[in-house]
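K.L.:
Modelling step: build the complete structure from the supplied sequences, incorporating the hints.
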Amino acid sequence: MRAFLTALACSAALPALPALASEGHRIQVTGELIDTWCYYSGVMGGPEAVVGSAHHTCALWCSAGGIPVGLQAEDGTIYMVLKIEQDDQLAGGDTALRLASHTVEADGMHYQRDGINYLIVDQVISDLDITNLNHEDYGPVPGFAIPEPKE
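As numbered in mature numbering (1 follows the signal peptide of the UniProt record, and there is no 0), residues -21 to -1, 1 to 130 make up the sequence shown, in order.
Since the hints were made in silico from the structure, they are not lab data.
There may be inaccurate statements among the hints.
The calculated EDC-like cross-link candidates involving lysine to aspartate or glutamate, where the alpha carbons are at most 20 Å apart (straight line), are [as the list claims (entries may be wrong)]:
no., residue 1, residue 2
1, Lys62, Glu2
2, Lys62, Asp101
3, Lys62, Asp106
4, Lys62, Asp86
5, Lys62, Asp73
6, Lys62, Glu84
P.N.:
Shown next, in the form of structure tokens:
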């Protein structure tokens, strides 16, 4: 009886647990590798200002500092990238730094949990370099991200 009550109590608590990760499926996706901190926090402006050539330097700094890398697909979907090819150190790793702000076509495993998309990139099929040349619109660092000097 005690075992039955324990099992019943455990099964009643299951709906309160976060959703388990979906079973992964293979996808091919094209998009820009982005700096997720600036994208989600808005610290350097809206989503249009934290991508492309205008944000490349910051994307390098954030990746080198350990901020997770994301992939913004052409349809706007954001994937948190867990691994790129065989690079064991994603944030700050050679591959993430080399591909920061680049548009790539990637083949890998897609997982979803609690509404967040995750991607393990098995292969970068093509590297199109930095294709979003928006530095003329925003400057190499957007002006609104540079603090005003104190008088």
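K.L.:
May I ask which of the numbered hints given earlier this structure violates, with the numbers listed in increasing order?
P.N.:
The structure conflicts with no hint, since it agrees with every one listed earlier.
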